[in-house]
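> The lines below spell out each chain.
There are 2 protein chains.
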Amino acid sequence: MKIQAAIDRVPLEKAVTLIEELAAADIIELGTSLSKDFGLACLVQTRGIPRVGQLLVDIKTIDEGEYEFRRYFEAGADILTVMGAGAKATLDVCYQVAEEFGKEMLIDLLECSEERIATIAGAYPNAIYGMHFAKDAGRVADVAGQVAAFRQQFPEIQRVALAGGLQLADIPALKAAGLEIAIVGSGITGAEDPAQALQNFMEEAQ
Amino acid sequence: MKIQAAIDRVPLEKAVTLIEELAAADIIELGTSLSKDFGLACLVQTRGIPRVGQLLVDIKTIDEGEYEFRRYFEAGADILTVMGAGAKATLDVCYQVAEEFGKEMLIDLLECSEERIATIAGAYPNAIYGMHFAKDAGRVADVAGQVAAFRQQFPEIQRVALAGGLQLADIPALKAAGLEIAIVGSGITGAEDPAQALQNFMEEAQ
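Each protein sequence line maps, in turn, to chains A and B. Throughout the first sequence, residue numbering follows the numbering used here, covering 1 to 206 in sequence. Throughout the second sequence, residue numbering follows the numbering used here, covering 1 to 206 in sequence.
Quick caveat, the hints were computed from the structure, so don't treat them as lab data. Take these hints with a grain of salt, some might be off.
Copies of one chain are not kept apart here, so a pair can be met inside one copy or by any two copies together.
Once the Cα atoms are required to be at most 25 Å apart in a straight line, the calculated DMTMM-like pairs of lysine to aspartate or glutamate come out as [unchecked claim]: (1) Lys88 x Asp8; (2) Lys103 x Glu115; (3) Lys175 x Asp193; (4) Lys14 x Asp142; (5) Lys14 x Glu66; (6) Lys175 x Asp92; (7) Lys103 x Asp78; (8) Lys2 x Glu156; (9) Lys88 x Asp142; (10) Lys103 x Glu180; (11) Lys2 x Asp193; (12) Lys14 x Glu74; (13) Lys88 x Glu114; (14) Lys103 x Glu74.
Bound conformation, chain A alone:
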């Protein structure tokens, strides 16, 4: 299982420091707040920092998919996010652009009903489908059980990611449930030693 270390709600200088400390992560995420606060500059000013994994920007596209995906891929992103709650036409064009660039799309399933997920489940074979519980709605119990149920319900979805207040203790069960990517925010960036915290998560994920 991969660990995606999410950086959020920090000044750009702090984001730079965190990327340097988290260079070993499978995926480094520049969170929505960085895109909303700094725009493309959050990517332009950090993309050159040496790291081993991919760089995801959580831009949460919900319309104007071609414009946003092209701009952020051209600026150096490896993975971009689109809202599953958006129009099918938006998901389609984002996927086309990602395929064209040889890059990846993560579909954020925030507030998507089961019916909605069923309509988009088989449509984007290379996409990552991100289970997501709104930060504004609070923490959810038994996340691994939810991943297992999700995979059983939507077997055509190959790649599943999960975000939402994950802690180190959640990792073994999530791996066992077949999660591909565990997205961890404050569990890593809020630790006294983020690099050590990342290493702990990555060891649990092996």
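Chain B: place on chain A using the hints.
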């Protein structure tokens, strides 16, 4: 009826020029692309330009409502957008922050079902409810008829805005249908003389 002149997909210097030219607008919108491209800088670098109306930033918040609304209101926005497709908790906190600042929230109804709209219709009396047809999904016929039907279906919604490729010829019927705010993008900014185009729209809206 008010005219909201939307500025999108331009460099920041061009946005500055357009705001100067469109200073008479009831509302000037900094479109999603400006927020995605430049972050808060799109607001910080334009908020001081003399104008008569309000400044809206189309940030399309869909999670982390308190953070995003506080940041953009503190940076000088008068109206901010939140996705109706987001969690109820997100809409709630955005509305609370808007009320606290004495500012306004526009709920973007993109991809909201009738059932969804019914659940949020009465909850935010001071909010603007924005009918929205995805740019990615193409142009919709008889927009004024849709506004009239919407107002009949959701009489508890007092304030209605509409975006989606509006032209000058659409304005009289939209006004007659009881629309509060007509959002116009390329119909104004794409004109040879944007200031004159805005004046034409505002005269039709009287």
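> It remains to establish, for every hint, whether it holds in the given structure.
Each hint, compared with the structure:
1. Lys88 x Asp8: between (28 Å within a copy, 22 Å between copies)
2. Lys103 x Glu115: Close neither inside one copy (27 Å) nor across copies (36 Å); limit 25 Å.
3. Lys175 x Asp193: Intra 24 Å, inter 59 Å, cutoff 25 Å: intra-copy only.
4. Lys14 x Asp142: neither (32 Å within a copy, 50 Å between copies)
5. Lys14 x Glu66: between (30 Å within a copy, 21 Å between copies)
6. Lys175 x Asp92: neither (30 Å within a copy, 35 Å between copies)
7. Lys103 x Asp78: within (6 Å within a copy, 37 Å between copies)
8. Lys2 x Glu156: within (20 Å within a copy, 48 Å between copies)
9. Lys88 x Asp142: between (30 Å within a copy, 22 Å between copies)
10. Lys103 x Glu180: Intra 17 Å, inter 42 Å, cutoff 25 Å: intra-copy only.
11. Lys2 x Asp193: within (20 Å within a copy, 53 Å between copies)
12. Lys14 x Glu74: both (24 Å within a copy, 21 Å between copies)
13. Lys88 x Glu114: both (15 Å within a copy, 18 Å between copies)
14. Lys103 x Glu74: within (11 Å within a copy, 36 Å between copies)
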